[in-house]
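First residue of the sequence shown? That's 69 in the working numbering, and the numbers climb one at a time after it.
Just so you know, these hints were derived from the structure itself, not from any lab. Worth double-checking, as some hints may not be accurate.
Okay, derived cross-link-like pairs now, DSS-like style, lysine-lysine, Cα gap no bigger than 30 angstroms in a straight line [as the list claims (entries may be wrong)]: (1) Lys-162 x Lys-134; (2) Lys-174 x Lys-162; (3) Lys-119 x Lys-134; (4) Lys-134 x Lys-174; (5) Lys-162 x Lys-119; (6) Lys-174 x Lys-119.
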Amino acid sequence: MDSPQTLQLLHADELPAVDRPASAGDEACCEPSAQPSLDAYEAQVRASVFKALADPNRLRLLSIVKSADGGEACVCDLTEPLDLGQPTVSHHLKILVDAGLLHREKRGTWAYYSLVPGAIERTSGLLETL
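My request is simple: use the sequences and hints to build the entire structure.
Right, here's the structure in full:
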């Protein structure tokens, strides 16, 4: 049978030395950046695009639409390649439309999707302009 472990308490003099964090009265380590940071709204807009791209199924949808004949794809042609149900595919497409990556055009009972012109370039620029 194992013996119970005991906790050894150390006196403050026996504690290892650690670097203390700088206090408000200490000098700054460097000059503040002159470049403005993102405001809350711009950060939210950019995050919505990155969230839309963070799902593998949505990345595949973008790829399928981009490579489709004529640069557009019918929603009826997007369910089989992903092996997902139509409601799930429609949900993913809505997120991509809301993020400004895809354009949706209703034709009769079907919806057709195409890349928003310049969306890929603008999206890559989101990181470059942080």
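Unmet hints by their number, sorted upward, for this structure: Of the numbered hints given earlier, the structure breaks none, since each of them holds.
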